[in-house]
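Visitor: Next come the chains, spelled out residue by residue.
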Amino acid sequence: MADNQTSLARTFLAGLWQENPVLRLILGMCPTLAVTTSVQAALTMGASVIFVLIGSNLVVSLMRNLLKPHLRILMFTLTIAAFVTVADLFLKAYQPAMSAKLGPYIPLIIVNCIIICRAEACASKNGLLVSLADAVGMGLGFTGALAVLALVRELLATGQIVFEFGQKVTLVSLPDVPLFRMAGMAMPVGAFLTLGLMLGLVKMVTGKRS
Amino acid sequence: MIFAAKKTFKGGVHPLENKHYTESCPIEPVPTPRQLVLPLVQHIGAPCKPLVQKKQTVALGEPIGRSDAYVSAPIHSPVNGVVKDIALASHPVIGRTTAVYLEAVPEENPPRIPQPQRFDEHFDPGTFTPEQICTAIQEAGLVGMGGAGFPTRVKIDPNPAMPKHTLIINGCECEPYITCDYRIMLEWTWQILAGIRLAARAAGCQTVRIGIEDNKPEAVKAFEQALSRCRCEEDIQVVVVKTKYPQGGERQLIRAVLGKQVPTGGIPPQIGVCVLNVATCAAIAEAVVFQKPLTHRVVTVTGRAIARPGNYYVPIGMSVQDLLAHCGGLTERAAKVVLGGPMMGFAIADLTTPLTKTCGALTVLTREDVTEPKYARQQTACIRCGRCLAVCPEGLNPTKIAHAVKHFRMDRAEQYYLSACIECGSCSYVCPAHIELAGYIKTGKLLKAREKKRLG
Amino acid sequence: MDTFETLLLGFLGIVIVNNLVFTKFLGTCPYLGVSGRIDMAFGMGCAVTFVLALAGTLTWLIDYFVLIPYGLNVLRYVCFILVIAGAVQLVEMYVRKFFPVLYDSFGIFLPLITTNCAILGMCLFINLWGIDNLPETVVLSVGAGLGFTLAICIMAGIRENLELADVPAALRGAPITLITAGLLTLAFMGFAGMIR
Amino acid sequence: MSKLRFFWEQSWLLLVSSLVFGVLLAIADTAWAPRIARNEVEKFTRLAGGMLPEAKRFEPLASKIPVDAGKGKTVQVEVYRAVDDSGRRVGWAFVCEGSGFADKIKLVVAADAGFEKLAGFGVLSSNETPGFGDKITIPGGFYQKQFVGAPAGTLTLVKTGDAERIDGEIVAISGATVTSQAVVDILNRYVSAVRAALQEQGLLTKE
Amino acid sequence: MGTRLLPEETCENAGTDMIAATGMQVVWLSALLLTGLGVVFAVVLLAASIKLKVQEDPKVEQIHAVLPKVDCGACGFAGCSSYAKAVAADASLIGRCSPGGAATAAKIAAVLNLQISEGGAPKRPIIHCRACRQDKTFYAEYRGIEGCTSANAQPNVQACAFGCLGFGGCVRRCRFDAIHIIDGLAVIDYDKCTGCGACVAGCPRGLIEMVPFTHEPMLVVACSSRENGKTTRAMCAVGCIGCGLCARQSDVFTVKDNLARVDYARYQPSEATETARQKCPTKVIVFRGKGAPADEKVSKAPAAAGAAS
Amino acid sequence: MFSQIIVSPAPHTSQNLTTRRLMADVLIGLVPAMVASAVFFRFRAVLVIAVCVAACLLSEWICNRLRRKPNSLGDLSAAVTGVILAMSLPPAVPLSVAVIGSVFAIVIVKMLFGGLGNNVFNPAMAARAFLTASFGAAMTTWTVPATIDSAMPTVQASNVEAVTQATPLAWSKMALKGQATPEQVHAQLKDVFWGQVGGCIGETSAAALLLGGLYLLVRKTITCHIPLAVLLSAGIFAAVGRLLKPDVFVRPDFHLFGGGLMLGAFFIATDPVTAPLSVRGKWLFGIGVGLLIMLIRVVGEYPEGVMYAVLIMNAFTPLIDRLCHTAPVGGKPHV
Ligand SMILES: Cc1cc2nc3c(=O)[nH]c(=O)nc-3n(C[C@H](O)[C@H](O)[C@H](O)COP(=O)(O)O)c2cc1C
Ligand SMILES: Cc1cc2nc3c(=O)[nH]c(=O)nc-3n(C[C@H](O)[C@H](O)[C@H](O)COP(=O)(O)O)c2cc1C
Ligand SMILES: Cc1cc2nc3c(=O)[nH]c(=O)nc-3n(C[C@H](O)[C@H](O)[C@H](O)COP(=O)(O)O)c2cc1C
Ligand SMILES: Cc1cc2nc3c(=O)[nH]c(=O)nc-3n(C[C@H](O)[C@H](O)[C@H](O)CO)c2cc1C
Ligand code: SF4
Ligand code: SF4
Ligand code: SF4
Ligand code: SF4
Ligand code: FES
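Chains as they are written, first to last, in this note's numbering: chain A, 1 to 210; chain B, 1 to 456; chain C, 1 to 196; chain D, 1 to 207; chain E, 1 to 309; chain F, 1 to 335.
No lab work stands behind these hints, which were simulated from the structure alone. Possibly wrong hints are sitting among the right ones.
Partner residues aside, some chain C positions facing chain F, computed with beta carbon under 10 Å [as the list claims (entries may be wrong)]:
no., residue
1, 161
2, 165
3, 166
4, 179
5, 180
6, 184
7, 191
8, 192
DSSO-like cross-link-like pairs, simulated, lysine-lysine; straight-line CA separation at most 27 Å [said to hold, decoys possible]:
no., chain 1, residue 1, chain 2, residue 2
9, C, 97, E, 51
10, E, 85, A, 68
11, F, 332, B, 7
12, C, 97, E, 85
13, D, 135, F, 177
14, B, 55, B, 292
15, E, 256, B, 84
All C-beta atoms, glycine included, are put in the ideal place defined by N, C-alpha and C.
With the rest of the complex left out, here is chain A:
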């Protein structure tokens, strides 16, 4: 039992750091780059991914013994797409501003490698609990990485962290000096550069792998 618990915990923690999908596995780059202009968008994206991950991991885990090889990919994508559609509808209904901002990147969760990867590597081989732990761990790891990235970018680009729920709430506000008003950080350049430097930093901290 205790053994079971540690393995669950390990599965969970792996997603946070050792196998962090963004920082270590370098998967799912497109949303990572596209939605990290604001922390709020990043968090919304993260939440959606967690939801989809949990859903797809659970369903795949349930039907893991019933899969036929030639239809496997099709089953996965079908499941994932269904959950993504639900997430998308939900955001459209309850978070219209965010939904508009994230645009097509929410449906693109369908093809985010992380999700298929987890379905294939974990859920199709493990029971419900492990799959769940994996989904939550991976999802949080993804969200965390996105949030940090967005934090850096939003601060350097606008000098502020702004959340919008009906009205704007400014959480942080830095002085109006050029260093904190580099609009370029909100553009694609900023996304690529920040992520590149962050990956470099992580690699430096963890020591290079082969």
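Based on the hints, put chains B, C, D, E and F with the ligands in the right spot on chain A.
Guide: Below, chains B, C, D, E and F with the ligands alone, put in the same frame as chain A:
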């Protein structure tokens, strides 16, 4: 003349010529040293096996090493003396190799004096059959004296698969400092001409071109006069080529003289050409007419750090140390001792290294000659200026090859035609970052050869 | 003539000005992963172009003739991805069986493409931009694929050079590729607004 | 027969899941569709209402107005009449769009009851560069303010000028001339067409 | 804001002229469409999977089976099956799969049945030289390209043409940080060495030999010089002079070309070998391998330069 | 006795040219333009140049320290980057923005890629592009020559009107849009040549740049291929445009002397690190730069295209190198 002066190839460099140290020094014989060391590898091809034993006495001109292989040349004793040992000795190119150590009594071996006056305009090559010429050349142990040391007989032997029609005589001497070929062209004109006519006859070449750089008008004049006196201007002509390094490289010379290109990775006979150095021709004449083996050659000893620079007629096997001592020894300023010229020569570390058949010069460079960045090895990053591409006479991309070699990416190096490099060093010479491009390329060739040996 | 001009401008626009990779962050994974060598990158680019043309057309047909008329917008994502995944799998098997040479040079990239957001993303953008005719759809899809090919080939060229560069150890691989990608987007901003 | 059976054995999971997911998605959609629709309407009314504070309701006109949207395309514009509690007409509002610097810009434009002066514009969606073109989206920003009370005729964009003065001259956002010009162009195209159509239909008479 | 809602009827202005569906209709239309797609793909793919099957190399298939099959391209290959093919052909590509991580790498290794050593005794490298910088004679200073192959192309910088150059050609080949240059001599750290043999190709002088370690540690002759004894002595303080003392103690040692060698296959530690080790005048017979005693260096001043001749 | 002897691979001598000398020559070549900038923009120009150079040198020093690499300030390449970046900034640029640009140029664009010789993009131009993306207003505020001094370090939006002026290229763009006639624009040609116009610090005086460019050519610091290709292709493009539409296109000489084209052709496109290696490649690169400059000037969003043209062609450099990778003299070896 004016048109001819333009003849050249694309690329190349023009280092300071510095021929003034020795160009007016007549060839001078040196006294026989007490010890001579004759490496059994002095040519491209199969190494010789010793024919003598320890303590055996040998006579001047007696063969002491030979191999049965076709691509090979025997080695002869330059002195009357005793075999002291057969052991490893330093070799300027391949490191330690088996050599015959000879001991000679200088009194019994007076300096050998060259005798070019024995040839004149009345020489008739028709008295020798091509077979006779070839055999004489082989027996005399002749190898290319222009630097590569390829057995001359192999080059000259008619080959039905690749018939030769043109003989090009390499009198360019494009390396800075060196003047040995220049001096023999002035002093041994008739002997060289005799050798040329013998070689042309043996190889079956109707056309002969003598390529001489336009910084040697005296040599051009000497040959033109000689040619008009013996009435062979029809077949043999002097071609004046532009003074530029590496004009003397055979692929470059062929391009300049004939406007033809030897295929990459191919050899001159493929396009019907044979290239011989002037010193080789002189040796051919001696070998064929007087049956004299190759035991001595002219060596230019030169450089700012040499007390008595000059052109010396030296027994093969004499050590660098002894020759330097004869020329007044090294001065304090000497920084590099180079066998050959500064562009392609080998910097040697061990001064006991003997001189071999292919060594035409001993250049001693000072720190200033080497140039400070190179001396202090201040190599910086390649700034991709493209100078190395512009000067490469073979049209290669030296920086790409060097980078690939540096990172052990032999596949990439080969993609950039690593093996087409003639190692002329023009690229290293111009590189503002002072990267040893030619050095890397050479390393790459060694790595490749090793890999090939390991795999096959 | 007018439609031709529209198509041409749309095509150039999607290849250069609104390049999927540089401006929309689509297809980043293969852009980072398969850009190590130019020949690989080119193969990948060709495969993406082919699949985009196929998927763009199929999904547009489904969208325009089924989903929109019957108000089934909710099924867009599911239908699109099913069609893409199924079609790609089918084409891959087919090419592999009958055109082994073709398969080796570009078919091997096909499985990689199902999970590549350039395909689904472009199909969704075609819907989002309200493209209402087939020719424009095809031209835009092919253009998007060629734009991807351009981007990944440029990246591959740069990476082949970087492989022999003195990049700090921690930045080798993905990090420096990302930084390069960032500077590339900066360069391609020069085309901004040329065609819209 | 066994072929069918084999097929079913291999594929039942896919078929069943398709059915189940299809139904589930449809249900989710049906449940949320009204809310999603309302969100859009809300956004419109919020923007238009902000510009026409007296308005309580927006009523669509019976027929749509055709506007030449350039490139030979004509769009049908739904124009709303803003009315206050008493049913009095207080202004007009409609949605219009055109291409900006990066992508399409979608605006809500409002005018006063007589369609003589603009009541301003609001941005429904735009994808302009942050820090540049997206300054048009700042509600109450200097750019948007210039349109409040501007004449409902042809506007012109100038690079330098007095942004405080309300007239037909709109001062561009520095460094984002293209976006500024795009907004002015969209307005010029739609406002005059809509106004002409309303006049033609006799809807602009004093109430 | 709530007060300014539109009248109900304006809510549904989207796509009104289409055959819009509502409520129950959406449900059954959706079910129909999706199931229809399902049937189509089920039929087509099933047929395809039977008709279009391609035979694969079983090893490749096995490797493919342990890969994550995400086809993400992170390995630099075109998807999992390309990577599987590549790894099967070149084992050094193991570990490129980032989603799979170390676990997958291990599984691939298992599939490829990689063996670190063959037979009983593990093969490990021995460097046949033990001369540090101060033990050797140098004629000049080498200022060329760093690296043994390049340095070796400049003959006779160091008098001994056989000994270690100390530019680390081998070090660069070792991916396990198991060789280091200490005082101008390459030294193997046998605790880190995996016996992969990559270092052998790095040495231009052929100093490194892969040898079956039948015993641990084991005696070796750490020299390669084929110069005669006198010259060797003049050049190097710790070179084998070919005196034959060791061969007289034990027949494990043989002397050929002025150089003693150990017959590793027959090597047995014994009194005789120990005597040989102690009697060696230049102390060139030393222990190598795991647990070898520290190499106490004989460090005499080398003879004067040029004394070789 | 022989310990003084060294050994290294052939050749044993070399040209005495060094990277440092090359870079020093570029700096010397830039002197006329720097003098001109000091004349037109007074002390402000000197200040911006000094700040950029100092920030570049400092960044490079710090990077080397962090990577435990030998100090490389001696090769002067960072100084060249600093000067060229400063030359490409508007005189009124806030100094902090100049510093951000310098750090970006050296750290992100140069040192992260491995330092001198390894960078893919021209550091100065990439940094300028980043600044343009980030500080659009500050990067497009042009001051009238000789109206700015160090007393006016920052030019805010409020006091812009007093001193700003349309640059020659803004004029030509207006002509393209029919807001001015080419003849009105040509009236400035003399000023454009000598430099009495608004614009970036280093681009005002075509005469000074030509002088410096000639110096580089004479010293063989650069080869003529890239400048010639840029000038020719841009000139021909402009001439064709003028021929086809004389009512909106300004004359080619105006295009050549206006804006950063001279600076770009002689000092920026010629940056060896980011240009192709071979002569053929250099021609292609130069033609690409020239055409892109004109394309951006004519149909693009920006009045000036040098920066983006150079960056775009930088991206293509590896592909050009590959394309121009020829078989050796004597043809491909048969294997
Ligand atoms: C394998 C090999 C075969 C050769 N065969 C011939 C030959 O048949 N005839 C010939 O004239 N030269 C032959 N050569 C010599 C070369 O063409 C060339 O003359 C020689 O390498 C010296 O040239 P170099 O001093 O320019 O390096 C051969 C060389 C090699 C390496
Ligand atoms: C870069 C380079 C430069 C050379 N320069 C000369 C030279 O100046 N004079 C010369 O006789 N041979 C020179 N050679 C050697 C020739 O290529 C060729 O081997 C020689 O002329 C053949 O004649 P041989 O066999 O009689 O030596 C040079 C070779 C190379 C690769
Ligand atoms: C990265 C970047 C983003 C830009 N984004 C916009 C934009 O969103 N809207 C716009 O009108 N101009 C934008 N511009 C600027 C225009 O392309 C153009 O330079 C400007 O409109 C020229 O006019 P101005 O400087 O006279 O205002 C951008 C420029 C850059 C460098
Ligand atoms: C002719 C020449 C032109 C140069 N142009 C530039 C330039 O435009 N921008 C720059 O940052 N560095 C330039 N440099 C300096 C140097 O090449 C540059 O710092 C490297 O790109 C950094 O690796 C130039 C150097 C030379 C020799
Ligand atoms: S000459 Fe030197 S610096 Fe110039 S490209 Fe060649 S290697 Fe690089
Ligand atoms: S690459 Fe070879 S042939 Fe070309 S210049 Fe360099 S050394 Fe000479
Ligand atoms: S390369 Fe391999 S065999 Fe050699 S030392 Fe390193 S681990 Fe051992
Ligand atoms: S063992 Fe060989 S490769 Fe290693 S340092 Fe010594 S000489 Fe170089
Ligand atoms: S997330 Fe876009 S391709 Fe992987």
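Visitor: Now look at each hint and say whether the structure bears it out.
Guide: Going down the list of hints, with the structure as the test:
A cut of 10 Å between beta carbons decides the hint on residue 161 of chain C: the least distance to chain F is about 5 Å, and the hint holds. The restraint placing residue 165 of chain C at the interface with chain F holds, with a minimum CB-CB distance near 4 Å, inside the 10 Å limit. The beta carbon of residue 166 of chain C comes within 3 Å of a beta carbon in chain F, closer than 10 Å, and the hint placing it at the interface holds. Taken as an interface hint, residue 179 of chain C checks out: its beta carbon lies about 6 Å from the nearest beta carbon of chain F, inside 10 Å.
The interface hint given for residue 180 of chain C holds, since its Cβ lies 6 Å from the closest Cβ of chain F, which is under the 10 Å cut-off. Given the 10 Å rule on beta carbons, the hint for residue 184 of chain C holds: about 6 Å separates it from the nearest Cβ of chain F. At a threshold of 10 Å, the smallest CB-CB gap from residue 191 of chain C to chain F is about 7 Å, leaving the interface hint in force. The criterion of a C-beta within 10 Å of any C-beta in chain F is met by residue 192 of chain C, whose closest approach is roughly 5 Å, and the hint holds.
Restraint check for residue 97 of chain C and residue 51 of chain E: the C-alpha separation of about 9 Å stays at or below 27 Å, so the hint holds. With a C-alpha separation of about 23 Å, the suggested pairing of residue 85 of chain E with residue 68 of chain A holds against the 27 Å cut-off. For a cut-off of 27 Å, the pair hint linking residue 332 of chain F to residue 7 of chain B stands: about 24 Å separates their Cα positions. In summary, the hint linking residue 97 of chain C to residue 85 of chain E is supported, as the alpha carbons are separated by about 17 Å, within the 27 Å threshold.
Straight-line distance between C-alpha atoms of residue 135 of chain D and residue 177 of chain F comes to about 25 Å, which keeps the hinted pair within the 27 Å bound. Simply put, residue 55 of chain B and residue 292 of chain B have alpha-carbon atoms about 25 Å apart, close enough for the 27 Å limit, and the pair holds. Restraint check for residue 256 of chain E and residue 84 of chain B: the C-alpha separation of about 22 Å stays at or below 27 Å, so the hint holds.
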